[in-house]
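Counting in the working numbering, the sequence shown runs from 1 upward without gaps.
Accuracy of the hints is not assured; some may be wrong.
Claimed, not checked - Pairs of lysine-lysine residues, derived as DSBU-like cross-links and limited to a Cα-Cα distance of at most 35 Å, are as follows:
#1 LYS42 - LYS2
#2 LYS101 - LYS14
#3 LYS101 - LYS2
#4 LYS101 - LYS74
#5 LYS79 - LYS61
#6 LYS131 - LYS144
#7 LYS131 - LYS79
#8 LYS2 - LYS74
#9 LYS74 - LYS14
#10 LYS79 - LYS42
#11 LYS3 - LYS14
#12 LYS42 - LYS61
Treat the hints as calculated values from the structure; they're not laboratory data.
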Amino acid sequence: PKKGAVEIAWPNLKHEDRFVRYAARIAIEHQPVSTWQERALKETDPQILTQAMIALARHGKPALRNNMIQSLLKVDFDKLTSSQQVDLVRAIEVLIFRMGKPEGTVKDQLVAYLDTHYPSSSNELDRVLSKVLVYIDAPGSVEKTLNLLANAKDDPMEKTVSSSSD
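Throw the hints in and build the complete structure from the sequences for me.
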């Protein structure tokens, strides 16, 4: 453990450069979880919280799952940018895949929080929302996903970006 590492890295969890955010998260993950777990659960900045929950999902105890979900559910989804929304749902994805599916009231709260945003107007957000909602057995999620797939249109930008000149 490096004294002061968490204090130095913490503000960089919301750095505009995603590589800096990643490096800050990794630096925090290399510190004892006991030194930053409470701070992560009480974080109020959505960007920092998202990264802190990924770190905690990777290194915390599965018994923290419901507390972590509750922390993420406090974020006002509609006030986030589209990339922040994707990051938040990805944090939830990492959390539940590593720590297990939520059950009971926590599952119901998570479904209610995410379901109102699915489908969205973003293919990227819909991809992560569909994975999470189908995985936690959200009512109607399979039907919504199949409908999206049936009516999907290719993004012309993706074709030109990925096409080869060969």
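Exercise for review: Given the hint that LYS42 pairs with LYS2, test it: the Cα-Cα distance must not exceed 35 Å.
Suggested key: At roughly 22 Å apart (the allowed maximum being 35 Å), LYS2 and LYS42 satisfy the hint.
Review point. Do the alpha carbons of LYS79 and LYS42 lie within 35 Å of each other, as the hint requires?
Key: Distance of about 19 Å is within 35 Å: holds.
Point to revise | LYS101 paired with LYS74 [C-alpha distance capped at 35 Å] | key: holds (19 Å)
Check your understanding: Is the Cα-Cα distance between LYS79 and LYS61 35 Å or less?
Key -> Since the Cα atoms of LYS79 and LYS61 sit roughly 30 Å apart, the hinted pair holds (cutoff 35 Å).
Point to revise | LYS101 paired with LYS2 [C-alpha distance capped at 35 Å] | key: holds (34 Å)
Check your understanding: Within a Cα-Cα threshold of 35 Å, do LYS101 and LYS14 meet the stated pairing?
Key -> holds (27 Å)
Check your understanding: Do the alpha carbons of LYS2 and LYS74 lie within 35 Å of each other, as the hint requires?
Key -> holds (31 Å)
Check your understanding: Does LYS3 pair with LYS14 here, judged by a C-alpha cut-off of 35 Å?
Key -> holds (21 Å)
Review point. Under the criterion that the straight-line Cα-Cα distance not exceed 35 Å, is the pair LYS74, LYS14 satisfied?
Key: At roughly 17 Å apart (the allowed maximum being 35 Å), LYS14 and LYS74 satisfy the hint.
Check your understanding: Can the restraint linking LYS131 and LYS79 be considered satisfied, given a maximum Cα separation of 35 Å?
Key -> holds (22 Å)
Exercise for review: Decide if the proposed pair is consistent with the structure: LYS42 and LYS61, CA atoms, cutoff 35 Å inclusive.
Suggested key: Distance ~17 Å between LYS42 and LYS61 Cα, so the pair holds.
Review point. Is the Cα-Cα distance between LYS131 and LYS144 35 Å or less?
Key: Holds. LYS131 to LYS144 sits at ~12 Å (cutoff 35 Å).
Going through the hint list in order, the structure satisfies each hint without exception.
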